[in-house]
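Chains as they are written, first to last, in the numbering used here: chain D, 971 to 1222; chain S, 14 to 236; chain P, 21 to 251.
Some hints could be false.
Claimed, not checked - Taking lysine-lysine pairs in the DSSO-like style, the calculated list, with each CA pair at most 27 angstroms apart, reads: (1) Lys79/P x Lys144/P; (2) Lys133/S x Lys95/S; (3) Lys1020/D x Lys1180/D; (4) Lys30/P x Lys1154/D; (5) Lys1151/D x Lys1002/D; (6) Lys1154/D x Lys1020/D; (7) Lys87/S x Lys248/P; (8) Lys30/P x Lys144/P; (9) Lys248/P x Lys1151/D.
As the list claims (entries may be wrong) - Covered stretches of chain S (chain P as the covering partner; in silico rule of three or more C-beta atoms under 8 angstroms from a C-beta of chain P): (10) 41 to 55; (11) 91 to 97.
No lab work stands behind these hints: they were computed from the structure. Quick reminder that beta carbons are idealized off the backbone N, C-alpha and C, glycines included.
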Amino acid sequence: MLSAADARLKLSTTTSTQDAGILDVLLPPFEKKCNCQVNVIAVGTGKALKLGEAGDVDVVLVHARSLEDQFVAAGFGVNRRDVMYNDFVIIGPPDDPAHIRGVMTAADALKRIAAAQAPFISRGDESGTHQKEMELWRSGGLDPQGRWYRSVGRGMGETIIMATEVRGYTISDRGTYIKFKQGKTDLKILFEHEAGLFNPYGVIAINPKKFPWVRYDLAMQFIDFLTGTEGQALIAGYRVGGEPVFFVYGRK
Amino acid sequence: MTPAIYELTAVQVRFGSRVALDIDTLTIRPGCLHVLIGPNGSGKSTLLAVLAFLREPDRGRIMFYGSSVNWSGKELGRLRKKATLLHQESYLFSGTVMANVGFGLRMRGVDREETRRSVKHFLALVGMAGFEERDATALSGGEARRVALARALACRPEVLLLDEPLTHVDQESGAIVENLIASQSQAGTTIVMASHDDQIEKRLPCMIIRLNAGRTPRHEPAP
Amino acid sequence: MGFLAESLRKAVLLIVSGSPDVLSAVWTSLLISANSILLASLLGIPAGMCIGVGEFPLKRVLLTLLNSLMAMPTVVIGLLVYSVISRRGVLGSWNLLFTPTGMILGLTLLALPIVANYSLSAVKGADPRIVPTALTLGATRFQSLFQLTREVRFGILAAIIAGFGRVISEVGAAMMLGGNIRGYTRTMTTAIALETEKGEFAYGLALGIILMGVALGINALLTFVQEKRRS
Chain D
971 MLSAADARLK LSTTTSTQDA GILDVLLPPF EKKCNCQVNV IAVGTGKALK
1021 LGEAGDVDVV LVHARSLEDQ FVAAGFGVNR RDVMYNDFVI IGPPDDPAHI
1071 RGVMTAADAL KRIAAAQAPF ISRGDESGTH QKEMELWRSG GLDPQGRWYR
1121 SVGRGMGETI IMATEVRGYT ISDRGTYIKF KQGKTDLKIL FEHEAGLFNP
1171 YGVIAINPKK FPWVRYDLAM QFIDFLTGTE GQALIAGYRV GGEPVFFVYG
1221 RK
Chain S
14 MTPAIYELTA VQVRFGSRVA LDIDTLTIRP GCLHVLIGPN GSGKSTLLAV
64 LAFLREPDRG RIMFYGSSVN WSGKELGRLR KKATLLHQES YLFSGTVMAN
114 VGFGLRMRGV DREETRRSVK HFLALVGMAG FEERDATALS GGEARRVALA
164 RALACRPEVL LLDEPLTHVD QESGAIVENL IASQSQAGTT IVMASHDDQI
214 EKRLPCMIIR LNAGRTPRHE PAP
Chain P
21 MGFLAESLRK AVLLIVSGSP DVLSAVWTSL LISANSILLA SLLGIPAGMC
71 IGVGEFPLKR VLLTLLNSLM AMPTVVIGLL VYSVISRRGV LGSWNLLFTP
121 TGMILGLTLL ALPIVANYSL SAVKGADPRI VPTALTLGAT RFQSLFQLTR
171 EVRFGILAAI IAGFGRVISE VGAAMMLGGN IRGYTRTMTT AIALETEKGE
221 FAYGLALGII LMGVALGINA LLTFVQEKRR S
């Protein structure tokens, strides 16, 4: 049980980040180092940032670059740093009814899905993944409508499950997909490795000038840890089912 | 003339628009057995409730031992301890006979030992010695009536108010209750008893109060 | 059928192995539910009884209000409390958000109308002679109400049981106010929600089975106490 004297760092992050399991390897060594407890509140990207905007947390870790930039510009956060990245993939049933295997761009893949009216599950929750998805539809000049396009307002995991159930397609971050590949879904990666599917993660401390009560000291310790040698090594070494889930930027 | 215990003046009780009690004057004398006689719905129970300080009249004034009754606040609790009402169909609390009969004593701060003794005494009086540990909710009609009477008597009130104590009761219980009422009266307790048994006039009272539709046409001393 | 069987197997394993996450979730559920129902009872039982027994002009209004509160979706209560205890809210400086205390606050508000309503029913259905009998035997107003409580105690206990059922099964408000923080504000119900979101259905169901076991156990205990008193 915590006592009032215990140092508590409140971190808001996305459900997919927590579900990927990376925090389970990062937090214990950090907590030892800083002699503090990290309380993780995992919600959707939008909500994670909103918590920061209210000063209800001390630090945020999300993957929605444009929103992050707005967040900092509005003065809610300071000291934004890149932490790690992975990418998004388009997954679908192994028999690929919409024939997206082999297309050149992600936008093309979505075009084919729309043309075939194959079931597509959208997260529909303003998350980083959802934002990326909408970006891709727009770049292909598409506005998805119809019964085949299902906006479900759920987390990544449930979205993958749904896509699996209806034998449809969806966009997922690689990390969650790898986790689910272990027995929860038989969908396959049908498109990947495009610059447009880049998914960078950023960590931002909540502005102590705006919210004097936040544990800025602990937040900065956390940021330093994540971007420092130890944190980066842990991230780079993290495997799920033998596969890497996150990648670090090369640092000299 | 001994000073009255109660003096009611222009007392009226309404239930909604219905006038249940409308009394010009009424006097209750100490040590006397008063019998309220009237048909059903004539206001007997209402009058007893007023005398028990359970129902404030909508109009009128009541003098109790010469002082005007103030219906608000602490006063009332004190007054209620002086006049105890036995309802027509008494409610016995869940629990033992002991707990019921001792209730009034506990409310008056009597200690456990003394309460036990008193309860035993009053249970014996109503012919129910040994019933202490019995479940009060599992008694026959007559037994319940007697326990309720014991419970009321244990309060040792100055005024005993009884609502049809002899109605719908088996003969044995009825006889016990009647004898007790008589002995209490002889011992000087003021009693006001509602009844619709006209025969009672011949046996007990010193004052008959007739009620009809809430009104008292006349006071009669007993023949 | 494979689902269910696997879940049962997982449930047994979880219980037997004494997984710290599961133990923590069970403990948190019990702690928060117990505190919430305690507060809700302390406030709700007298409130319900007074409204039931009393005669005053606003009685009808209060009754209607109470009934409406029972139909209030928990998410709304969660949002209301959230808006108050968030740092931006009126009680922001109390630091209640994402703590067990914040959760207790919300869950107490959830259980309060239920406890009050059931208590109200209990006294409304009570014999009207109870209070006058106690009064004429020398009880003060307060003592007579206490006696009334004793006479309707089974109805009151039902109120508490109903309220308890409400809080131990709560997900939405618990999630919103507690943040589902592992080892701190993660209850059985929010843990189940998390596992479901991760697609770990069997694990989630296993937790559900444990939760039902806990709820059953407590209800059985309370019912046993009730029956014992009766005889």
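Task: Violations among the numbered hints, reported as their numbers in ascending order - done: 5, 6, 7, 8, 9 and 10
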